[in-house]
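Asks: Chain residues, written in single-letter form:
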Amino acid sequence: MLPDTKQMSDTHPDRDMLQDFAFGCLDDTEAGRVRAHLAGCPACRGQVEELEQTLGSLALALPPMEPPADLEQKLMTRVTSAADGMTLEPIAMTGRSQRHSTGRSTPRYTAEGRHAGDGARGWWRRSGSRVLGALAAGVVLVLGAGNIIQWQQAATARRTASVPGLSLIVLVGVDTGVGAYGTVVLDRQDNGGVLAVRGLRRLDPSQTYQLWLYKESEQRSGGTFAVSTDGYGNLLLEVPKDFEGFTSVGITIEPAGGSLMPSGMLVAKGAP
Amino acid sequence: MAGDEDDELIRRIAEGEAAAMRELYRRHGRIVYGIALGICRDSLTAEEVTQDVFLRVWNRADTYQPEKAKVATWIARIARNGSIDALRRAAARPGQAQDTDALLESLLDPRAADPRDMAQVAAFRLRVRAAVATLPPELLRVLVLGFFQGLTHQEIAERLGDPLGTVKTRMRDALRRLRETLAEEKT
Numbered sequence: 001m002l003p004d005t006k007q008m009s010d011t012h013p014d015r016d017m018l019q020d021f022a023f024g025c026l027d028d029t030e031a032g033r034v035r036a037h038l039a040g041c042p043a044c045r046g047q048v049e050e051l052e053q054t055l056g057s058l059a060l061a062l063p064p065m066e067p068p069a070d071l072e073q074k075l076m077t078r079v080t081s082a083a084d085g086m087t088l089e090p091i092a093m094t095g096r097s098q099r100h101s102t103g104r105s106t107p108r109y110t111a112e113g114r115h116a117g118d119g120a121r122g123w124w125r126r127s128g129s130r131v132l133g134a135l136a137a138g139v140v141l142v143l144g145a146g147n148i149i150q151w152q153q154a155a156t157a158r159r160t161a162s163v164p165g166l167s168l169i170v171l172v173g174v175d176t177g178v179g180a181y182g183t184v185v186l187d188r189q190d191n192g193g194v195l196a197v198r199g200l201r202r203l204d205p206s207q208t209y210q211l212w213l214y215k216e217s218e219q220r221s222g223g224t225f226a227v228s229t230d231g232y233g234n235l236l237l238e239v240p241k242d243f244e245g246f247t248s249v250g251i252t253i254e255p256a257g258g259s260l261m262p263s264g265m266l267v268a269k270g271a272p
Numbered sequence: 001m002a003g004d005e006d007d008e009l010i011r012r013i014a015e016g017e018a019a020a021m022r023e024l025y026r027r028h029g030r031i032v033y034g035i036a037l038g039i040c041r042d043s044l045t046a047e048e049v050t051q052d053v054f055l056r057v058w059n060r061a062d063t064y065q066p067e068k069a070k071v072a073t074w075i076a077r078i079a080r081n082g083s084i085d086a087l088r089r090a091a092a093r094p095g096q097a098q099d100t101d102a103l104l105e106s107l108l109d110p111r112a113a114d115p116r117d118m119a120q121v122a123a124f125r126l127r128v129r130a131a132v133a134t135l136p137p138e139l140l141r142v143l144v145l146g147f148f149q150g151l152t153h154q155e156i157a158e159r160l161g162d163p164l165g166t167v168k169t170r171m172r173d174a175l176r177r178l179r180e181t182l183a184e185e186k187t
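These protein sequences, in sequence, are chains A and B.
My numbering numbers the first residue of the first sequence as 1 and each following residue consecutively.
My numbering numbers the first residue of the second sequence as 1 and each following residue consecutively.
The hints are simulated quantities; they were obtained by calculation from the structure and are not laboratory data.
Small disclaimer: the values here were computed from a predicted structure and weren't measured.
One should not assume that every hint holds.
[Said to hold, decoys possible] Label-pair distances were calculated between CB atoms; the ranges are: (1) A:Glu218 / B:Thr169: 36 to 44 Å; (2) A:Ala69 / B:Glu105: 22 to 30 Å; (3) B:Asp101 / A:Met265: 45 to 53 Å; (4) A:Asp16 / B:Glu180: 14 to 22 Å; (5) B:Thr169 / A:Gly231: 46 to 54 Å; (6) B:Asp7 / A:Pro68: 23 to 31 Å.
[Claimed, not checked] Anything over 10 Å on all C-beta distances counts as not near chain B; from chain A, calculated: (7) Asp28; (8) Cys44; (9) Leu166; (10) Ser167; (11) Thr176; (12) Glu216; (13) Arg220; (14) Pro240.
Beta carbons are placed, not taken as given, at the ideal position from N, Cα and C, and that holds for glycine.
The following block holds chain A by itself, in its conformation from the complex (with noise of 0.2 Å):
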């Protein structure tokens, strides 16, 4: 039996553990322990990026291939758009991407962290063109929201938001967050959506900042993310479909590839 977060705090895994998590091998539950526990533990840490180093070597070890022809421009087309900060490139798409898809909403761990979004890619295949205009709209009141005057402008975009089956979400800076502004444009037929946010400040590398999706007394992740130098941060989600009517949406400061609970401080939050 694992020793619980407090205790994994006091404890120092074993090296066959911290192997294990370089490794990728532990489950949710104990690659978050572990995670907590490096984060304040030098020590430990160390151990871990020297294994780290290790693997990386390792994996120079196979041989090189020459890729398709056209992966550059495909990757350069996506990059683009990433670094636009504006729009969002729907991701080019083969069934097999589809089938990849697991639904979770929880992230996967690894050494290098993930964000969650495979299966919301399928989502964003779908109904992206549906999607762009509302978030455009929301975008440009989280580029120029900036006092209450457009955060009731906000207000009444959500209420009038015009395109059937999308509501918009709009989020404000709490605490050490203020002065931050986002929105999820939500697509309720297919349980996909969008966060755009702005005026979060950069995190340390041992940081993430974490989407959660709040219904009643239970909370799902909607995937985690990083902001640009300019404090803007975008992410793909899919709500499952047992937390459709979710009642509202939170951001948090969590360890580096992300909680199973929202366990850091509070940023960002709303509400449809």
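Given the coordinates of chain A, work out where chain B should sit on it, guided by the hints.
Replies: Quick look at chain B alone, frame taken from chain A:
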């Protein structure tokens, strides 16, 4: 030197420069695709993983710490982790073969040099392959199953019919030997 150039590219990527990302892909795309293809054994999956790896670099360039590892090593680790994630998702599909012997063969293939590779990375890769080749077979097989095929220690023990403790000990020994042999230098 190649390492300094890579560090500069990462710095520019962290500033949001797309041209730097294109250059980084041209320098390391073959490495990443080779890792993804070697682990996933499927070209379409490898293509998707490669894109995801570079997008992750794009999103996390500001987290790169040059004092901890070379850029090539950092990217290689992201590629391995992304490939294992893809492999685990694909495990839900029947008929997806995991060819341990093919992986062993590609690791030990003496034809490692390629004039298109950057000299510094190619030299380091030769050292890694030489270090891997010195591992006793029982350690190498455990390492391949765990690192390149994403099996847990328990799964490796079941696959090989060995006690769990033996697997953990062999994995630990393999990593220790590699670490001692490589002792990565950061200049």
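Asks: Taking the hints in turn, state whether each one holds.
Replies: How the hints compare with the structure:
1. At about 42 Å, the CB distance of Glu218 (chain A) to Thr169 (chain B) agrees with the hint of 36 to 44 Å.
2. The hinted range of 22 to 30 Å is satisfied by Ala69 (chain A) and Glu105 (chain B), whose Cβ atoms lie roughly 27 Å apart.
3. At roughly 50 Å, the beta carbons of Asp101 (chain B) and Met265 (chain A) sit within the given window of 45 to 53 Å.
4. For Asp16 (chain A) paired with Glu180 (chain B), a C-beta distance near 19 Å keeps the hint of 14 to 22 Å intact.
5. For Thr169 (chain B) and Gly231 (chain A), the hinted distance range of 46 to 54 Å is satisfied, since their beta carbons lie about 48 Å from each other.
6. Between Asp7 (chain B) and Pro68 (chain A) the beta carbons are some 28 Å apart, a value that agrees with the proposed interval 23 to 31 Å.
7. For Asp28 (chain A), the condition that its CB be more than 10 Å from all CB atoms of chain B holds, with the nearest at approximately 13 Å.
8. Listed as outside the interface, Cys44 (chain A) is consistent with that label: its C-beta sits roughly 15 Å from the nearest C-beta of chain B, beyond the 10 Å cut-off.
9. Every CB of chain B lies more than 10 Å from the CB of Leu166 (chain A), the least distance being 26 Å, so the non-interface label holds.
10. The claim that Ser167 (chain A) lies off the interface holds: its Cβ sits roughly 27 Å from the closest Cβ of chain B, which is beyond the 10 Å cut-off.
11. Taking the minimum C-beta to C-beta distance to chain B, about 19 Å, the non-interface status of Thr176 (chain A) holds against the 10 Å cut.
12. The beta carbon of Glu216 (chain A) is kept farther than 10 Å from every beta carbon of chain B, the shortest such distance being approximately 31 Å.
13. Residue placement check: Arg220 (chain A) keeps its beta carbon more than 10 Å from all beta carbons of chain B (closest about 20 Å).
14. At roughly 17 Å from the closest C-beta of chain B, the C-beta of Pro240 (chain A) stays outside 10 Å, upholding its exclusion from the interface.
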